[in-house]
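> Once you have looked at the hints, place chain B on chain A.
Chains A and B, in that order, are what the protein sequence lines are. According to my numbering, the first sequence holds residues 74 to 414 in order. According to my numbering, the second sequence holds residues 74 to 414 in order.
Note that these hints are calculated values from the structure, not bench results. Some hints here could point you the wrong way.
[As the list claims (entries may be wrong)] Only part of the chain A face toward chain B is listed, based on derived beta-carbon distances under 10 Å:
(1) E130
(2) A141
(3) D168
(4) H392
Since we're looking at a predicted model, the values are computed, not measured. A virtual CB, placed ideally from N, CA and C, is assigned to each residue, including glycine.
2 protein chains.
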Amino acid sequence: MTAPRYDVVAIGNAIVDVIAHADDAFLGRHDMHKGGMMLIDKDRAAVLYESMGPGIESSGGSAANTVAGLASLGARAAFVGKVADDQLGRIFRHDITAIGAHYDTAPLNGQAGNDALDKSTARCLILVTPDGQRTMNTYLGACTALGPDDIDEALFASGLITYIEGYLWDEPRAKDAIVKAAAAAREAGRKVALTLSDSFCVDRHRETFIELTSGFVNLLFANEAEILSLYQTEDFDEALARVKGHADIAAITRSEKGSVVLAGDEVITVPAEPVEKVVDTTGAGDLYAAGFLRGLTSGHALADCARMGHVCAAEIISHFGPRPEVASLADLVSERMGRAA
Amino acid sequence: MTAPRYDVVAIGNAIVDVIAHADDAFLGRHDMHKGGMMLIDKDRAAVLYESMGPGIESSGGSAANTVAGLASLGARAAFVGKVADDQLGRIFRHDITAIGAHYDTAPLNGQAGNDALDKSTARCLILVTPDGQRTMNTYLGACTALGPDDIDEALFASGLITYIEGYLWDEPRAKDAIVKAAAAAREAGRKVALTLSDSFCVDRHRETFIELTSGFVNLLFANEAEILSLYQTEDFDEALARVKGHADIAAITRSEKGSVVLAGDEVITVPAEPVEKVVDTTGAGDLYAAGFLRGLTSGHALADCARMGHVCAAEIISHFGPRPEVASLADLVSERMGRAA
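Looking at chain A on its own, in the form it has when it is part of the complex:
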């Protein structure tokens, strides 16, 4: 087994977020479930954008946010995901490489993205309510073109951990890409991680996700709502009991209640980091995963991995947008955790 070139190689949707304030009445008028992610088609994307307030744009995408966090933490991270050859695609590419991650997925070419939403870079219209919660509406655009041809098997073989975004199961061609990536990783003796993405996503793909977590997934990330949805229970302890013995490690986040890490018979409960004011929860789970993975790939104990996750999540929710605003998450984590990190 050759030495890994990357700590984490992630595959996910390459998205630019458009983030605006909205009140609860706006969500009601547009039939949105607060805190969830809805897939929208281009007509709805156009209508919704028209009715939204002014926004800011930031590169996003769940696994891509995790990769950006990992890079800011000093980890060697790579991302695979599809943008179009358009302005938003170039912004996405710039942001993820500028923070230090490897990203060379070919953009979708052709009549891309300028005059219509067809084939343009994916965007997620995010409404942030006064309570800091985000409600997401994703138009997948170019993401739907991700396929097996975009998977460089050597890249996935060269990463300690392959990290897969659950949202990818919403795209038929992406599944083949995931299978190819995960197979390359496992063949090289690497670990595979899965994030369940959101509870509605779990609803759409429950059987597949249960199969995966009891099969080739070594490391599972989920929040409370997702794990409850996965096992169709309202009892958190029952959900924990169900996940036990499946993935080698499961890290379950519970917002302000912190997180629970399961590993074999171990159950580790870690408190959340205090946050002065929750401005926007977008990216909280993604950055928890970044901190956790950074800890894991640099040999930290599981409790410290979770603490690192909470420090990163606390930074993200204290400002608008899903990418770190501090110059270096590594410095922030060192400062918060003392010499341990």
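Coordinates of chain B only, in the frame set by chain A:
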């Protein structure tokens, strides 16, 4: 004289800002003057973007920020400026109309914006240093196509105040547009306001600006550096003496020292609003102008106009980006100023 449809009709560059953190060494390596605005060509824009860290995108442009602020303050405001028919242009259009301003300048058509920077919507690469100061690098793109054909004389005749951005003098064709707009405004008995934009801009157009302020400009906005540059003096009192008797009203901002308003023989000094932490000074002057103009067009005393300007500026510098993040600047001003506003 018919009743005005707008409180303020503004003309300026239509720009999308790309805002990233940088340290002082970065500014040094790229020969930037901290706090200033440099015009850059497309090659430098490409090189600079490549070397910048990850950013967030926000609609910007000096006069456009003022218009957004005015709309958020409840004023009737309109903007004239040129974008391309591309993704960033559509973002600019969305943001300024979504906040409640009128904007219908035709976008630059043709082979616009997708594959190259040529003719694409203007962008300003903004580096924010740890002290909260912003250093701007503007690629004007589609803005350079603004011309007299974009001026609807009836629009300018219908606004109480025509507000002109000094930066426009950097574009030969825009001058003809300004002349046409200002003539229409004056013919209808309206007032004309000018902002000097920045001290380097004043350097480039000193004679024109002196001529304008002693001619058709009724209301002058400037900061300390700009007014010193205008009269080529290092003595603030001397600069004040020079501007006196020119424009009917001059409002000069002095960062944390507040502002000085001159009107005839009156000299009014107004303190700045306290700010907990200066995050990013981008848009401070633009939002001061918004608050001031809102006060003026709704019949407030000059001291209150300046106070309203400082409240708006304080909101802008307490977060990343040049557009208000509060749901309503009008509510913020009411709260800070009591029933007076």
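> Which of the stated hints cannot be reconciled with the structure, identified by number in ascending sequence?
Every hint satisfied by this model.
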